[in-house]
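Protein chains: 8
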Amino acid sequence: MKWVREILERFKRGELSLDETINALKSLLYKDLFFAKIDTSRSLRRGFPEVIMAEGKSPEQVREIVLSYLDFEDNILITRANNKVFEALKDVPGVKYYREARIIAIKRREVEKRGLVCIITGGTGDIPVAEEAAVTAEFFGANVVRIYDIGVAGIHRLFDKLEEIRKGDVIIVCAGMDAALFSVVAGLVEAPVIAVPTSTGYGASLGGLAALLSALNTCSPGVAVVNIDNGFGAGYIAALIVKKIYD
Amino acid sequence: MKWVREILERFKRGELSLDETINALKSLLYKDLFFAKIDTSRSLRRGFPEVIMAEGKSPEQVREIVLSYLDFEDNILITRANNKVFEALKDVPGVKYYREARIIAIKRREVEKRGLVCIITGGTGDIPVAEEAAVTAEFFGANVVRIYDIGVAGIHRLFDKLEEIRKGDVIIVCAGMDAALFSVVAGLVEAPVIAVPTSTGYGASLGGLAALLSALNTCSPGVAVVNIDNGFGAGYIAALIVKKIYD
Amino acid sequence: MKWVREILERFKRGELSLDETINALKSLLYKDLFFAKIDTSRSLRRGFPEVIMAEGKSPEQVREIVLSYLDFEDNILITRANNKVFEALKDVPGVKYYREARIIAIKRREVEKRGLVCIITGGTGDIPVAEEAAVTAEFFGANVVRIYDIGVAGIHRLFDKLEEIRKGDVIIVCAGMDAALFSVVAGLVEAPVIAVPTSTGYGASLGGLAALLSALNTCSPGVAVVNIDNGFGAGYIAALIVKKIYD
Amino acid sequence: MKWVREILERFKRGELSLDETINALKSLLYKDLFFAKIDTSRSLRRGFPEVIMAEGKSPEQVREIVLSYLDFEDNILITRANNKVFEALKDVPGVKYYREARIIAIKRREVEKRGLVCIITGGTGDIPVAEEAAVTAEFFGANVVRIYDIGVAGIHRLFDKLEEIRKGDVIIVCAGMDAALFSVVAGLVEAPVIAVPTSTGYGASLGGLAALLSALNTCSPGVAVVNIDNGFGAGYIAALIVKKIYD
Amino acid sequence: MKWVREILERFKRGELSLDETINALKSLLYKDLFFAKIDTSRSLRRGFPEVIMAEGKSPEQVREIVLSYLDFEDNILITRANNKVFEALKDVPGVKYYREARIIAIKRREVEKRGLVCIITGGTGDIPVAEEAAVTAEFFGANVVRIYDIGVAGIHRLFDKLEEIRKGDVIIVCAGMDAALFSVVAGLVEAPVIAVPTSTGYGASLGGLAALLSALNTCSPGVAVVNIDNGFGAGYIAALIVKKIYD
Amino acid sequence: MKWVREILERFKRGELSLDETINALKSLLYKDLFFAKIDTSRSLRRGFPEVIMAEGKSPEQVREIVLSYLDFEDNILITRANNKVFEALKDVPGVKYYREARIIAIKRREVEKRGLVCIITGGTGDIPVAEEAAVTAEFFGANVVRIYDIGVAGIHRLFDKLEEIRKGDVIIVCAGMDAALFSVVAGLVEAPVIAVPTSTGYGASLGGLAALLSALNTCSPGVAVVNIDNGFGAGYIAALIVKKIYD
Amino acid sequence: MKWVREILERFKRGELSLDETINALKSLLYKDLFFAKIDTSRSLRRGFPEVIMAEGKSPEQVREIVLSYLDFEDNILITRANNKVFEALKDVPGVKYYREARIIAIKRREVEKRGLVCIITGGTGDIPVAEEAAVTAEFFGANVVRIYDIGVAGIHRLFDKLEEIRKGDVIIVCAGMDAALFSVVAGLVEAPVIAVPTSTGYGASLGGLAALLSALNTCSPGVAVVNIDNGFGAGYIAALIVKKIYD
Amino acid sequence: MKWVREILERFKRGELSLDETINALKSLLYKDLFFAKIDTSRSLRRGFPEVIMAEGKSPEQVREIVLSYLDFEDNILITRANNKVFEALKDVPGVKYYREARIIAIKRREVEKRGLVCIITGGTGDIPVAEEAAVTAEFFGANVVRIYDIGVAGIHRLFDKLEEIRKGDVIIVCAGMDAALFSVVAGLVEAPVIAVPTSTGYGASLGGLAALLSALNTCSPGVAVVNIDNGFGAGYIAALIVKKIYD
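Residue numbers (the working numbering), protein chains in the order written: chain B, 1 to 247; chain Z, 1 to 247; chain X, 1 to 247; chain Y, 1 to 247; chain A, 1 to 247; chain L, 1 to 247; chain R, 1 to 247; chain P, 1 to 247.
Derived by calculation from the structure, the hints in this document are not laboratory data.
Please note that the accuracy of each hint is not assured.
[As the list claims (entries may be wrong)] Straight-line alpha carbon distances no greater than 27 Å define the calculated DSS-like cross-link-like pairs of lysine-lysine that follow: (1) Y:K243 to Y:K96; (2) R:K167 to L:K243; (3) Z:K107 to Z:K90; (4) Z:K84 to Z:K167; (5) Y:K31 to R:K243; (6) Z:K96 to Z:K113; (7) Z:K243 to X:K161; (8) R:K161 to L:K167; (9) P:K12 to B:K161; (10) Y:K161 to Y:K84; (11) Y:K161 to A:K12; (12) P:K113 to R:K12; (13) P:K90 to P:K113; (14) Z:K167 to P:K31; (15) X:K31 to B:K167; (16) R:K161 to R:K96; (17) P:K107 to P:K90; (18) X:K243 to Z:K113; (19) A:K243 to Y:K113; (20) P:K161 to B:K12; (21) A:K12 to Y:K113; (22) Y:K161 to Z:K31; (23) X:K161 to Y:K96; (24) A:K161 to R:K161; (25) A:K107 to A:K12; (26) Y:K243 to A:K167; (27) A:K113 to Y:K167; (28) X:K113 to Z:K167; (29) A:K167 to A:K12; (30) A:K161 to L:K12.
If you're wondering where the values come from, they're calculated on a predicted model, not measured in any experiment.
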């Protein structure tokens, strides 16, 4: 918060009037579009810029937010974006649509990648969630390795990949149904494990609640959990930990 | 139902009156104590005699049922029995109280044991449920091997016991919390797996519901499930399958 | 695991180098398609080969998995397959689509059928789930008899079929709504009963949860339960028990 | 509402002042004890007098309500009453404590009994709820027959009693666990069936919710349901129907 | 069961062989279409014939059941029937489609109507459920009066109709949201009240669960409950009670 | 209720016959359209006229209700109205469709606005619910200020608007997901806070239940809650409080 | 926030150093006891001082908080206080224990009471919750009228008290079971209604969830809801509204 | 896994027989006490040794496990330990009971502490859970700072501590009720946030489920969640991340 102190001291020295001081402070904070207030100071405050969730917004709203936001940030991430949102943004320079991950990334400045996030799925059906995690973690500066479909029904697949998995600074596991993979992986590695329960399954999987409860009750410690299908949240916190390690 | 045909034919030949016929049929069926109707024909119909659940009955009621039932069966199993129930029954010849399993068994005739039921727990806290399964399976004529505390947090314990586990004709797995063990074991064996979710755990384990949902959503097929903490039900169906195999 | 010992001993005798040993072991285990890792050793390990669940995979992915898998197995089962999946596979020799059961079976080698699985439904609406169970059990080598729409609202239908039902080595009961049939059938037979709660019903049937809870709380012992609408799981474990009995 | 018309007409004829009219109307309606307002007009309005639920009231409060109420009614029913409540009332003439039913009845006038309510339980553990229903139905003028422990695990017990059951004008069935008895009984009789789910059971019986859901989803029509363990409610509505039939 | 006794006695007198006896008994019981087993003896056993629920059956299946059933019954009721089912049946003599009630009735014999069922809704949105109840009750021989949209938000509407409501032998109340009407109506009448919770509402109405819980917890006794949106069930049991009163 | 007294006194003086009196009273109460009973006396009784919820009614029904109601009220509010409902009403003088709020208002008399309701959202996706609240509060005579997208992820946005928020006589907060805004806002203001949980979010947001539970468990007192997405209910009670303050 | 501006201006004029300014600001904000941080500025910020919830704190902790807090406030409210907490505080001048309400109030300065909060219960069992609301509302300066046990089972009790109820500026309704009273009362009054669902009831009342859902789904608008049994929260917001009206 | 390679190579060179090799491998893995299998290789595999959960084990079992485990590890952590467990262990050298945290730690070797875990609670009632987290994190080598009772009802307390909070490498937040603190803290810091929902609260807090859902739905990213009241799990993963950063 050094810049606040600076502004305050300039105010005291009479270099800034009271109104000028207030405006200076405010302009650093957010951009007001009425229907949205872009948190322009977030990367200062949190290390990573605000991410735009497209779901619940019209493509026009997303476009307006993105265009305004580009005055403040070089790179912007838009999650849960369908094709219509991409259509509304595809003329923006640096835009890229990761369809499986449902993510649109606008990159105007290259980010150096560090560390390693290992992203695992129990089955093929969990891959979209894993891709959301992967694209997010890469966007925020982490290297990613993807190891898909190694669920415990054929546990030798997991053991065969174990050496590779153990190289991860953080391990993200995406699994649905009974999600036994969370405990099994956590029991074999040193790195923190982020569990992403997915909504794959039917009947008593209750839209992912069964996997969520498994995630919260792992018999192996060293696991923390994000919302059902929340690949973005897992990729974000994994990148945060990687940043902490390598900064 | 050969005896019914016989009675009917004797009735036709006039050897039995209509009323005699009805009574003959009825006496084979159940014993009426008003507050309980003992299903005396169950072992004929189902292979195994009726089992008495002590919970929800007074010790006096259990005693009265047991004493009446001994006219029909040599061996009787009483589940969910606390110490008071045992006190009410301890003068009955052949009685034995399996305290950890909360089972009282009355055995006046030895039963030959066959086959092998392998009973596994994820943790130490699941042992009472496993013991209920074990005592039940033994009572109904199965050999039992107990392998306790081999949960996936240290999965090498499971692999070290795998050869032994694979010898089971049926495998019963008792596990609480996320109950990852159900899928992992089922993925490694040929035998049918009976999953017994237990209520060990806290918070989001929801009294065993998390483990139950895991059991119902195993990614490995070959698993069937009984009620939370229902060691008796698991032991019963395991013994039934063993009987089918060796009869 | 005899072959592993063999490989290890050949390795010791110097017939295989360390790298050759590792590769030999690995090639027996699974085939890696990146988005899917086919468990090629499953029939060795579990008696039955891996089954492909089409739901959550694109028809192209299913096709790629199936074609790769045919190098290892003669017969392949694909569950929860809609018409698009069948379109993607219909040129594969030996393919057959069981539309009501939503199953595609590829059979290039005939399997001898043994034993008897009796499959019952409470109503007409439960038949698709029952068919999934039936086709699965037959695929894995069991004879099947189908007895449909004998729910307890007209319980004499059940009694009329009882002799036939009692011939089953295993009995699968598919029922929705209050699913009273689970307890009633189990109370009348010697064979183990696999209960499949179905999602037929409305309102407080809660998508099959009411039937599931009935299945878990049957007053007759000898019942084990699979997930809501999981005809496949029931057919699989029934075939497993039949295999145990007749092997 | 004849008396209201009468009062209004007397008011019009000037025989009652406005205030007298209001008071006359009011005094017929309820007695105010501040912490309780006894509904003294209920038997006029509903055929049966107000019933006092002891739970949630102190024994002193129950006593004060009862003593005030005796100015208006000869017979009073107090449900969910423990021993302390009985101690506070045992000097009241005509009092009787039905301990198993947890009911205290004060009877100062004999009531002629008519019709027949048949009360059935699945097991021995359901008897206290059944007794609450039985004592209530008798209090409100119905004859009662009790048939206990005829659950479907031994369904021949039910068939043996069927002729007796079919004599009921109304049939109350009390059952816990999977409560299959509701559908089975309803499928065999002409009379309306009142289902009382009970909280007997454990684990996934969820304190009676499993039985409640069974009751709401019976495949046999002709069933209506009351709250878990609500024997009183079942006895009340059964007596109401009996009254409708025989009035 | 007089006819069974008759058959048995004829069997004894030698007028029927054993096989003839069995067939005679069986033919009275049900008609087997493989995918459905029509309960032809239901009206004998329960007073009312079997009702066909169209949901979960194909229009072809419904047609086949109906045509077979017409050999046994004059009048047939088909519930939860959409337009496609009606198209498949519209050439059947005596058919009528009650679109709002989603009921198809086939009536080839007029039924005399007796008694009075009063059917009430809280709002306009509950009318389809009420109509299902009304058409059902009329089909089974009861007179019906409909009083719609008198929810407690304007409780004077209820009081204005109270005299009319009190004429009902049975009162059916259909209400969604908080369903306060169940308790309010029951508190004002002598007749038994059948509560039908409906799924009208949103958010925390949880698809009718809020109304269902209200129905199960009414502070006024004299209420019994059927499943959410189950107008049919309410109409059926109401007609049953009317039959009991007037027979 | 002055007019009732007047009618009664006129009745006593013989100016009105008994029937005339009853009709006079009744005509003031509601208008009966059979499928709907318009509560014409509601504004007299409650200060605000009845509001019509379009959901669950056909456009024709809504139109018929509105046209009848216009005999009694100048201004009418129709909530949860889609485009079809608007098409059915667009020829009514004074009609206006607030599309985002899904509200149709018919205003034939201007209402003076008083006080201030401050309406806040956590995110852009909560705006439709907020607009429903805003249009409702304005319809019932309150001034409204809208402050959107100031969720706690960038809490400085909230603090920057705090002075403006504190001017509200009542504050409505619309928020989904974890809905942390309810507690945070309530902790900073003097005015009563109405919390509207919204269904924005996914997975474990459970359709707004997570936000609802947050609303009910706020650690700051001074918060009361309405149903999920119930902007109307919040706007209504806010206008009610404003009316109480300024009347 | 006038005082903050003052401090800032004094800081600018050099009358306060930077450190002095920070301390001045901070000392106005909270008192730090490590295990608790008393919010000493709350009455400034919110109009009412912080309330201490005793549950979850040891009597010693409560005492230490109270003694520290008395330096800042004259009057202190402690909720959910059992007898042990009262024992620890009974030597504090001005202390009073409202046992039924489980509230301890310390009053060293008299507060003038204004307005009127009308507090209603459905039954006698809801009185403790109502008393918590009443004592709280009085503590924060509102007059209170208590009207208990007027639930809809005898709805004339409510109508008889209606004139009195209508005098309330705010109406608090405490009701359990189906809580029909919320809608009924709200449909008859002009004042805002605060609904307090209580945990009275059993079985499907689910510890007050049934009443809570009723409260959230009232068909009458003008109702806002607080947590189950949260009499304190209702009394607090009622007093807040009274304050708004009379300030 | 260097030592495994070593053993294998010694086996190949003939220095170890096949049996010796197997035993050597096995002895490194776990210690078998029948009722418990201590995972002696865990610290090798996961960096931290196995932790013993006392709940669900008898004090004697805990003692036996601890004494055996001391052959392998210097320092042992026992969680969820009540006084009886401590009594059974208090003669063990190096033992210490952290009563508020319910943890027993046995420390025979000092561990150097690194990094900083900041542990925050919303209220005083959350402190026991926070202490469990704190003692665990310290045991596994992290420095800890405790900041208690800074919930959002008085959010200035949080802002006053913000600078201190921002120093944490990882931040653990323990909060119950609506748990708004998770989002608020995460929105202000750069470090990863571990959310621990606690069971403080009542009614609709549902034993901590409300807080859990808040945790899973935080609008600020950068949050991962552990089970309700699982302070241990939070402390463990926080220490793991610290280890990753400083190794």
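Structure-based check of all given hints:
no. : hint             : verdict
1   : Y:K243 to Y:K96  : 24 Å, holds
2   : R:K167 to L:K243 : 15 Å, holds
3   : Z:K107 to Z:K90  : 13 Å, holds
4   : Z:K84 to Z:K167  : 39 Å, violated
5   : Y:K31 to R:K243  : 35 Å, violated
6   : Z:K96 to Z:K113  : 18 Å, holds
7   : Z:K243 to X:K161 : 24 Å, holds
8   : R:K161 to L:K167 : 37 Å, violated
9   : P:K12 to B:K161  : 25 Å, holds
10  : Y:K161 to Y:K84  : 38 Å, violated
11  : Y:K161 to A:K12  : 25 Å, holds
12  : P:K113 to R:K12  : 44 Å, violated
13  : P:K90 to P:K113  : 25 Å, holds
14  : Z:K167 to P:K31  : 23 Å, holds
15  : X:K31 to B:K167  : 23 Å, holds
16  : R:K161 to R:K96  : 31 Å, violated
17  : P:K107 to P:K90  : 13 Å, holds
18  : X:K243 to Z:K113 : 21 Å, holds
19  : A:K243 to Y:K113 : 21 Å, holds
20  : P:K161 to B:K12  : 25 Å, holds
21  : A:K12 to Y:K113  : 42 Å, violated
22  : Y:K161 to Z:K31  : 13 Å, holds
23  : X:K161 to Y:K96  : 51 Å, violated
24  : A:K161 to R:K161 : 23 Å, holds
25  : A:K107 to A:K12  : 40 Å, violated
26  : Y:K243 to A:K167 : 15 Å, holds
27  : A:K113 to Y:K167 : 25 Å, holds
28  : X:K113 to Z:K167 : 25 Å, holds
29  : A:K167 to A:K12  : 53 Å, violated
30  : A:K161 to L:K12  : 25 Å, holds
Checked against the numbered hints given earlier, the structure breaks hints 4, 5, 8, 10, 12, 16, 21, 23, 25 and 29 and satisfies all the rest.
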